[in-house]
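Starting from two chains that each stand alone, build the complex the way the hints lay out.
As a plain string of letters, each chain reads:
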Amino acid sequence: MQNVYGYVYHTHFVELFMDILDKNQNIETNLNARKISRIFFLAVLGFLPPLLIMAYIKIKRHKENSNASSLLDFAKSNDKRLLIALWFTIVWTCVLASTISAFVVYFIAGWFGFPFILAFIIATVLAVAINVLTLVAVFDKELSFKIGFLVSAIVAIVAVFAIFFFLILEGMPAIRDVGFFRFIFGRTWRHDPNNPAVWGHDPTYGGARSVYNILPMVVGTIVAAIGALVIGGGLGVLTAICIVWFCPKRLKPFVSQAITLLAGIPSVIFGFFGMQVLLPLLGNISPTGNGSGPLAVAIVLGMMILPTVVAISKNSIEAVNQSYYEAGVALGASKERTVFKAVVPAAKSGILASLILGIGRAVGETMAVIMVAGNVAVMPDGLFQPFRTLTVNIVFEMAYSEPGSLHQGALVGTGVVLLGFVLIINIVFNFIKRNNNSNKESIIIPTIKRIVCKPFVLVCSKVFKNNTTKADNSDIIDIVKKDFNFESAISTSLLTRFINVLPKITKIISFIMLGFSLFFLGSIILYVLINGLGHINWGLLTGDFTGFGRNHPVTLRPAIITTLMYILLTSVIAFPLGILTAVFLQEYTKRGSKVAKIIELAVETLAGTPSIVYGLFGMILFVTILGLGLSITSGSIVVALMTLPLTVRATQEGLKSVPDTYREGSYALGAGKVRTIFRVVIPSALPSIVTMIILGVGRMVAETASLMFTMGSSLGPDPVGYASSGTTLAVAFYALVRTPGRENEAFAAASILILIVLVLNIGATLIASFLKKKTIAS
Amino acid sequence: MKKLTKLFLLMVVIIVSIVAVLGFTACANDVIDMQIIAVSRESGSGTRSQWDSSIHNNLDGGARVTLASWLAQPGNSQLAGEMQNGQPGVVTRIRSQRNAIGYASLSAVENDSNLRVLNIGGFAPGATGYPTALARDYVILTYENVDLLPISQLFLDFIQSTQGQAIVEGEGYDFSVSNPIPFTAPTSRPSGQTGPVQVRGSTSVEPVMQELIDGFVAAVSWAVVGDFDFQAGGSGQGVTAGSGGTIQGSEPNRTIGMSSNAAHIDTANASTFFLAQDTMAVIVHRDNPLTNITMEQLFAIYTGAATAWRDIIEA
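For the protein sequence lines, the chains are W and B, in the order given.
Residues 1 to 778 (this note's numbering) make up the first sequence, in order.
Residues 779 to 1093 (this note's numbering) make up the second sequence, in order.
Treat the hints with care, as some may be off.
[As the list claims (entries may be wrong)] Quick partial rundown of chain W residues pointing at chain B, CB under 10 Å, derived from the structure:
| # | residue |
| --- | --- |
| 1 | P386 |
| 2 | G549 |
| 3 | M708 |
[To be verified] Over the 10 Å line for every Cβ pair with chain B, so calculated as not near, a few chain W residues:
| # | residue |
| --- | --- |
| 4 | V320 |
| 5 | I424 |
| 6 | G539 |
| 7 | I561 |
| 8 | E587 |
| 9 | V595 |
| 10 | Y667 |
| 11 | V680 |
| 12 | L760 |
[As the list claims (entries may be wrong)] Computed from the model, here is a short list of chain B residues facing chain W with C-beta under 10 Å:
| # | residue |
| --- | --- |
| 13 | Q943 |
| 14 | P974 |
| 15 | G1004 |
Since the hints were derived computationally from the structure, they do not count as laboratory data.
Built from N, CA and C at the ideal position, the CB exists for glycine as well.
Isolated chain B, as found in the complex (with noise of 0.2 Å):
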């Protein structure tokens, strides 16, 4: 028995030590002393191309190579860094790891006290002189062949409105609505076919959405949240819903889309528009000591051709 007890104090003492070594070495870094981790969002979401499309060197004596054209070169077959699923995934990551840097849609970090969103060029996100290519296209989609159930009808009436604007541009977007008039709720459910209004799509757009949602059961009387059915999975969702890709037989319409890649504004048995315009912000975590980043030294991370915050930070 007392050897026994002997090697369970050998196991303890050794496991402690492990794990004492290592959040010893955790605490010991700054920022500044360690390598960047360069997070991207999954290729195929509209806020990858926007980004891939946007970010670009100035060095090369006028040809501007974007990270898009950048990707397409031989032998450049991925960014640097890591990927992350869907702008939460983003989010999450960066909010844990101290030497991170990411990109996501403005509105939904800006509040965010263990994020710090990065100013570009000088410019912080919204003023005239950020990079106007950082803007991107919400897209709603809704299948053209059915007339939709009344009241995802009145839904897409109420997000058009100017109590829709007023929502979305107290969240921070731009409204991309042309001439919003104001929306006025039967003041009883329509009837006939009921039944919840599904809305599906992508993670981009989801924070907006769900004010909207919330926006419509406190401005229509008769609405309760049950009335709405509700999966951010994804733009290829929505673009599945929108084109009447979820319609079954004689099942009513009751499905909108939405999209964050302004692409999909031409998608076959759909018809689209544009709801906000979003800025995507360059986001790092909190300890990080850099307020300010410029579009060459973006592109430098994200080929991997910079790899210390040191470097970044004196620069």
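Excised from the complex, chain W in its bound form (with noise of 0.2 Å):
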């Protein structure tokens, strides 16, 4: 195939350079200046490293004669010649390697689709930062590793602050110029395109022209987090009760294994799930004959965070002191009894936590809901209905706003408010671990459910109360007040008293909330591959891309490439940065301290931020300011910032786990640190680094709402590089179920993302469990 960007290998550097500098002048002056530019350029490479050649070997000299070990020694020399070498090589080395490197970067980001600009920034920060690493390597080989491993783990810094700034920067404007509490507490969002509100016009309510104001989608997001909560939470904690303490030994290990395997299916084929098989059912039972509503998205995203909420509040009860069990039943109580009052409550701070990362995903999940919530812009106002979360108004807009326009700036500041809220579930999150690692859960508690639930319970009614336009609403009044009691999701303290009188019913419903996990799970992976195993063949796999219309037939294999690209380049970017920043927090910072703290916030925050929060970030920095357009580039960079927390984390229990020995026995025998990490330390971790590269991998195969922003979102031919747009399988499949006469092939894709799922989760357990013996082994 010709080379459709062969214009970018054919242009000499120094003349595009030329280019840039004098663009509007005439071919004849153009000419003269590049031959001087070529002259000088070439005249500087050409004396310049002999120079350097003599230089290297005074300092090498000087090394070995004064047995001096660190650049502060030779900075403290008397010897001027010897500074003149220093500071020169230090200075031109760093020249001619960000020159060269330019050049390599440049020539390379042809290929990637990278500005001129962009290309030279990047090389020439890796050039100095290269050059400044070597040249502290040659006199100090621990602190040059040391800065390295720091670099890397400020990535994690940098992200956080970049997606802040630029989120703030495009979105702050239209909330201010709506007026913050406005934008966040009127009750109208209108868009109308003949008569959108502009720039510093007073928002009048009323009126043709239209309003930005995201009440209605912030109730819609509690309310969607709630149900998830509620329905999601409560399955999940009574499951994993069940896993740990009721369930036959030998179904144990499929159980827990099948829960994980729910965690790895798309969001898409959720949301298609929901739309396609709950929708019309729960259709029947609504009033209104629509099943679209907050029934329906607490239903789904339930599924969803089931995974979350049941490994988590798992370990926690897992790691309840066995002596508590024993106690129990030693004083006469049945296991029931023991389990419900005295195991689960010592485990209550873990589950709160899992409960309140639950609430965190569910807040953050996008292309799920947008499929079965109903997607209108009013508040969410009894079961059935139809509303809109802060991430559907997003993606829902986002396509039809017009770049620069107050409806854009108001979309942005969406996301503003989404990261606000999440950050708030974040530091709640990290105020009850905090808590919890120091044993002052008793404490903790009642503090959360008078700070959290109590004015949440009043707003909720408030917001009810208010909104009086139609008679029906005094049940759905008292639906809140009565029913609808919050505290009983939170904490298990009503659980706990229902269970006084009836452990072993509490028992059998937790027995049949493990069912309708498995059954959730089941239904779904069956309902996908019972329609679509049987329309994945060859062609459909590997058919040439023969055109877009309708007669033509689709073919999976410019999807299966582009995936492939792109889990190649997010794996590049991520898994090493990650590797690096947990090598750093874990073996040169000590625990609390405050560059830790600092990098873990970091990393935490970026953990918590939703994937459509990093799609536009994608959006407005990589596909717009730095113009690498819809592209497997920018996507698989905001990726790879999303997979570095799990990157980071994994890696660090990894390394936490190895013995504090190995690092011991090793410097008794003489090796240095940067020796012992590599040779001892990230050995003994490997079975955890693959297993979290393994589930990296998963992550990326089903991230479908930010590529949606960054990378594109039609079925398209095979990219030519890294340059061109395309479509991942999960994207595809998205693609594919919008289009008629489509379905046999969208379930098709559908069934290989879920096989590729099913594979990767059980080749992660079997090769975790393989290497895991086999370094106990050695």
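Set out below in structure tokens:
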């Protein structure tokens, strides 16, 4: 195939540089300027290397003679010629290396679709960094590696700052223009493209002009999160209890593996299942005939947060000291009574943490919600009232907003508010975790109840009370007041009261909940596989993309190639960065030191940031400002940032599990820190690193929302390079679902996705156990 | 162990019974006994604004109220029913929901066996008498300050030619370009800077643009599908692309934007033209016995005044 980016390769570096300098001058001047610059360039390149070699020799000789070990010792030297040689080396190695690497990056960048300026900046930064490192390395190897680890750890902080900076840069003007309080507490969101609200216009209510206030979406997000919590949280906690204490031993690994699998299924598949199966079913019991609304969203989101809740509560229940159980049984209590009265309360804060993490996930979810929510920007005032969350608001209207308009600003502003939401959840989570570590749970839970739940219930009832345009609202207020007891979802106090009376029944209920969890999983997987497996064939997987129109056969080859290219680039960015960051956190900082705290906070913020916010950030920075356009490069960078926290955390866990005696042994044998890390610590942590990589790839495969903003959403021909736009399998599935007459292919794509997730999950478990055995054996 | 088996049995029985009850009720209802779900597009899309400004009532004794002016009245911030994401979103939703009604581009739905296209006031879409307000224009935008890349220019010439007209009309649209001339392709790929033609924009224009690209590839011997980088993310994307928002530095202009909103014809920095005119069709699920609907009924449905299919079908 012809190289479509040929023009990039044929342009000489210097010529291009001159082109940028004097773009509008005539060709003759340009040619002269080029000649001069080329001569200058060659001259500089020509006389530099001999001088550099001389300077290096001088320094090396001095180092051998004087036993100076660090850069500082050199700087203190009185030998002027030595100092000149030193600075000369530093400055000119930087210049030379940055020029050379600018060449290299620029040529590679042609393939990646980078604009020249960006390539040059990256090259310079890289070159200076590498130079400083090598120069320091000449004198002090340990220090240079430490700097290297620190630099990669700083990437997380830079990413957090960049996300905040660009989102606020784009979103704040609109929020200020509408007015902060009006933006958040105004009750109308109405966009009319023929009557858009304009900058500086005082948005008056009524009238035809568009109004951008987001209270309905804020309330929608809260309702969706609570709904997910009630369904997924209750289900998850009871499932976890059942798995740990009541499940037959033989079933246990199978069940927990199955629940983890649920975490890997792409959210578009959840949404599709909800739209195709759940909505028509719910439509039959809905008074308006429409199934979409808070109930449908709660069920779908509940299913999605289930694995998170189960995994973390399971861990914390398992971590409860065995003596609690033994003491309970010894006192004559039944097994059920002991579990619910002694063991579960002891794991309370862990369970609470799992619920809050679940809320975080529910708040940030987009693609699954958009298919079942009904998406009307009004207050959700019933179980079946179509409503909209913050995430949906962004995806829904972003494609129709004009650049620079107040509308687009308001949408990015929605992203800012969403980010604020997630930050609050994060802070609460950290608060609980910290108190968990210092065993202050007895104080913390009532505090949380007081701070979070009470005002929330108040706000809820107020919101519903105010909305009295329809007559049938009174019963909803009653629901909120009586049945919709938020506290019961957060704490286990009501539960325990219930258990006090009927422990056996609770056990049965926990079994039924486990059954429901497995049933959800089974029904989604079976629904997709039954409809899709039969349609997977060789032509679908490898056929040529012959055309865009409906008469041409669908081929998934472009999607598969795109997915592979994207996973490659994302992995190359995310995994080394994540592993180095984790090494820095675990090996170079003390627990609780300030640097570690800041980096960990950044990583946690990245972990909590919803994928749609990453999408917005990528769209603003990479697609528009840096001019990468809708391309595989933009998508990969964005998802690499998204996978970073997972990478860091999992590697850190792995490093933590390496016993200190290994390190001490290595030091005792005379190895340095760097050598110890690379030869002893990382190899011992390899099982968890490998598992992390596999799970990370799984997450990349499942990602959709952010890729639609940064990589594209329509099916097209094979990508010709990283500058092409493209769709991954998950996005291709979403595109196919929405194309009439392509259902079979859509199901086939979904089946492939589920099979990939299955293989990755099982592979991760198998490889981890295999490597563990091997490490223990050696 | 026996106890556990009992528990599992109980679990299975409960789940199966819940599913069975839900499944049974799903099959029990006829559409006529169900409530109406009105499906709209997202506000901001060209289709939606055309719909809002053309659906009206005639009941107010001469004072015609359209959906748009109804929405502007105090207290009415949103239409009844739900909203879906893009034309495909609406179509997919109605294909799986038996009591839903919505609207989409006629050519995208007329051959879909899962849907039924309704007549309005007794007139089939396309026939004289079908409300002319339901026709809307597709706009093509290019950045006017930098010359287009040769291959992008060729494609632009192609879609305005008689061959382009044949494809557009073959898809069921009215061709809007005046005086199209036959397109003759150069025998070899234009030299100099090459690269993919970037096409960005509306989901409504997507189907016809896809056919045009296929037509171009078929008509030009050296062209391949790899010459096109096609993404339909919405009209906004088309306007960004067409007004130079995606062009960086010294990069040549390769981008063609598409929009389904006639208001975009005056977009700054872009040279624009109307490509085609499309008729919007009102669609319901194939199980719906309805074949004809009136403007007043549509107005009532979308404002929430009519909620039961029985009232519409038996009217």
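Identify whether the interface hint at G1004 of chain B stands, where standing means a beta carbon of chain W within less than 10 Å of its own. holds, 5 Å
Hinted contact P386 of chain W with chain B - closest CB pair below 10 Å: holds, 4 Å
Hey, is V320 of chain W genuinely clear of chain B, shortest beta carbon separation above 10 Å? With a cut-off of 10 Å, V320 of chain W remains clear of chain B, as the shortest Cβ separation is near 23 Å.
Against chain W, run the beta carbon of P974 of chain B and see if the smallest gap drops under 10 Å. holds, 6 Å
Minimum C-beta separation from I424 of chain W to chain B exceeding 10 Å: can you confirm that? Holds, because the least Cβ-Cβ distance between I424 of chain W and chain B comes to about 28 Å, which exceeds 10 Å.
Against chain B, does G539 of chain W hold up as non-interface, every C-beta pair farther apart than 10 Å? For G539 of chain W, whose nearest Cβ neighbour in chain B is about 17 Å away, the distance exceeds 10 Å, so it holds.
Q943 of chain B was flagged as interface toward chain W. Is the shortest Cβ-Cβ separation under 10 Å? violated, 17 Å
When the least beta-carbon distance from M708 of chain W to chain B is tested against 10 Å, hint result: Since chain B brings a Cβ to about 7 Å from M708 of chain W, closer than 10 Å, the hint holds.
With d taken as the least Cβ-Cβ distance between L760 of chain W and chain B, does d exceed 10 Å? Holds, because the least Cβ-Cβ distance between L760 of chain W and chain B comes to about 28 Å, which exceeds 10 Å.
Would you assess whether Y667 of chain W, listed as outside the interface, keeps its beta-carbon beyond 10 Å of every beta-carbon in chain B? Correct as stated: the minimum Cβ-Cβ distance to chain B is 52 Å, above 10 Å.
Going by Cβ atoms, does V680 of chain W stay more than 10 Å from chain B at every point? holds, 46 Å
Consistency of the no-contact label for E587 of chain W, given chain B and a CB cut of 10 Å: E587 of chain W clear of chain B: closest Cβ-Cβ about 42 Å, beyond 10 Å.
In this structure, only the earlier hint numbered 13 is contradicted, and the remaining ones agree with it.
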